[in-house]
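J.: Here's the letter readout for the chains.
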Amino acid sequence: MVASVPLLATRNLTKDYPGVRALDGVDFDLRAGEVHALLGENGAGKSTLISMLSGAAAPSAGHIERDGQAVAFSSVHDARDRGVSAVFQEFSLIPQMTVEENMFLGAEHRRGIFLDRAEMRRETERILSELAFDLKPGRKVRDMSRAEQQMVEIAKAFRSELSVLILDEPTASLTSHEAEQLFRLADDLTTRGVGIIYITHRMEEIFRIGDRITVLRDGRYVDTVGIDEADEDRLVELMTGSGVGATFPAGAAAASGQEEILRLDGVSTHGGGARDVSLSIRRGEIIGLAGLVGSGKSEAMRAAFGALPISAGRVFYKGEEVTGRSPGDAIGNGFLYLPADRREEGLLMVRPVRENMSLASLGGERFRRGIFVDRAWERRVVAETSECLNLSPNRPEMTVDRLSGGNQQKVMLARSLICDIDLVILDEPTVGVDVGTRHAIYRFIVDLAEGGAAVVIVSSDLSEILNLADRAYVFHRGHIQAEFCGGDLTEENVLARFFGKESA
Amino acid sequence: MAGATVGSGSGGAADLLRRLFVRLGILPFLLVIAVIVFSLMSDNFLTGRNLMNVLRQSVYLTIVAVGQMLALLTGGFDLSVGTVLALASVVGALVMASVHAAMPDAVFVAIGLGFLAGVLAGTAVGVANAIGVAYFSVSPFMMSLGMASVGFGIALYLTGGVPVYGMPVEFGDVFGFGVILGVPTPVWVAGLLILFLWILLYRTPYGRYFYAVGGNAKAARLSGIDVRGTLFATYILCAALAATAGMLLTARLDTGEANIGASMPLESIAACVIAGVSLRGGIGRLENVVLGALFIGLVQNGMNLARIESYLQTVVLGALLILAVVADQVRLRYVASAKN
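From first to last, the protein sequence lines stand for chains A and B. When the letters of the first sequence are read in order and numbered with this note's numbering, they come out as residues 10 to 513. When the letters of the second sequence are read in order and numbered with this note's numbering, they come out as residues 777 to 1116.
It is worth saying that the hints were derived from the structure and are not from the lab. Please note: incorrect hints may appear among the correct ones.
Below, in silico cross-link-like pairs of lysine to aspartate or glutamate (EDC-like), each with a Cα-Cα straight-line distance of 16 Å or less [unchecked claim]:
1) A:Lys327 - A:Asp431
2) B:Lys994 - A:Glu353
3) A:Lys145 - A:Glu110
4) B:Lys994 - A:Asp350
5) A:Lys327 - A:Asp274
6) A:Lys145 - A:Glu134
Take the sequences, apply the hints, and build the full model.
T.: In structure tokens:
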């Protein structure tokens, strides 16, 4: 499968932004029929590299070669016309338009000045059937799941003859079933000679579909290794420049016998996200909620927190019924929920780190002097917390949108350190976070629990739950399928219940 | 224009200007240009007397603009501020005049009741806006546009389009033309209101909540902030401020008028945008908005001194607003490129 001339290569590719060299002299090549994974921590230069490969940005120095010829992509369209297409994390789809309209947006087939709708319909159907995507050309994109939208985005890449496909964290919001479908598609494409550049933070995916791996660090090329010579420790070492040690810290001992802090009795949410959920959480415990995306694990917790209306059932917090109370009430009583999507629901991107950290605490006594904010106290607490979480750059007055993803996550997590917290729910705490930060977050979770708080981890990343949780509930279609603790909390046991199977 | 010239250069001075622009926004550049241009055009411009004039004339816009800023901070805006001014003026004048007619000796009772009635009438428009925006999720644009028409109609209906006379002279003497310790009364009132707002915004948690709701309403809610309550307070405060400005202007004019304030929505939004308040919410400083309002007053005063026709002045104001928005976009682009 190895061709002599690479499909796509970069020579000494460099990109400067004012004050920063985002990419520094990177040599990279992609062969026909391979999946080439790009690996690096947040800010290592992966996004910069693919933005140039896909024509979204122009290099400051160096050049790109396509089939051995130097090329300069003038735009994303230009790159696409030359067979290089990228599917970014943020889709370029118009939600109000149909699959077909989106696929030909900006390159509509015409007859004279009129749209050639029949031709576009034929073409769409041909591409969809070739890819074996079960999508109707006339469906509106806004009515589709995220996985289906991604299929449209991929199908779009096939509008012209495709030879290089760039996938930027394609599985970030897919269920494992959908991800499996994507991997099969990737296999199929590579046998047809398409080269795939694959970006992900998830090691298992690289070992599942990767052929070669190129590691970037601080904008520089570090190394390219074949999948046979790579193992997880080696890759982490290449990415961070040093061994991180074990990814998961030693967990606290299970805290049985402690006081119950949260109980859900048959809770269902409006719209049926969570159905008849009953569970119980005690102080000092780390509880995992496992399940596919959309299995109701997140909805159940949002309902307990007061962020989602409850249609049936009762919620007890510290022995008192709190069904239907507001998030403000919950926080006032030491119960905090930190959402999965930090940009969308977690952070005030345009406001400084300090305000984001203290936001949930300002209602509390410690942050006030009379009706005024105790600003000296606020500054001190924020400085201490930033220090403790190793925030970088550690500048409390910098707006959050200027931080990397991992550091943004730290700012949000800091809220649970600043409030007086008895129970904190972390919804997908490590999505889009690099390995080094991930380790820091796990350490943080264990410390919280050791400090006597109860921590609930809602996660689609099973290894997280297996390694951190004392006890786990498995969700499927809104229901709790099973509860595991201690020695029963194993990958086989949990996975067996992921898809709703009854006990084996 | 400042944005364009600064953007093209790459030398040391241009680079410095560009960094200043990214940090401070367009207002300092506009202020410097305005002062230079107008002092060249008229010798009277840079005199203490004239600058005090500017301050006095800008008071009404300043008060309205700081209210408008609250609406912008939370990610909305208030197009009904002009109507609030008019309604406050008409209702305040009607009440004041009739109380004064009934009890000619109790002058300050008349003034007190009239002032209160005017402010309450104007604030009622804000309550309607607040209910629509906070509880029915009507877009602030539609809600305040609708209320602008409702309020204006009521003001005209109450007066039949005729100015309201018969207020006690003391009202104008104190609140319109009065001077305390060398500073006009309206300036004192504005100063106190701004001080109050400054403390609210930067020293209490509630101020932080305005920024939080505009910065990301969902995040604010999950952080335990009462988003509805904050929005509610926003539109009521904004209207109460505009209504106060309406009463002060009524004192200056000595009549209640349904036709004042028509230019207020545009001018107040312009003052905020020029001062760097983001139309997307969550960004903006009170001090800068006060400066922005004063800048608009300065430009109007300068154009008057330079004998520029009033119709043309409107053109200049509209152009300034657009320029400020364009400059904000250019600035965002610089910030974004510095980030990557």
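J.: Hint by hint, note whether the structure agrees.
T.: Right, here's what the structure says about each hint:
1. A:Lys327 - A:Asp431: Given that 16 Å is the threshold and the Cα spacing comes to 9 Å, the pair holds.
2. B:Lys994 - A:Glu353: holds, 7 Å
3. A:Lys145 - A:Glu110: holds, 12 Å
4. B:Lys994 - A:Asp350: holds, 11 Å
5. A:Lys327 - A:Asp274: Since the Cα atoms of Lys327 (chain A) and Asp274 (chain A) sit roughly 14 Å apart, the hinted pair holds (cutoff 16 Å).
6. A:Lys145 - A:Glu134: Cα-Cα ~8 Å, so holds.
Of the numbered hints stated above, none is contradicted by the structure.
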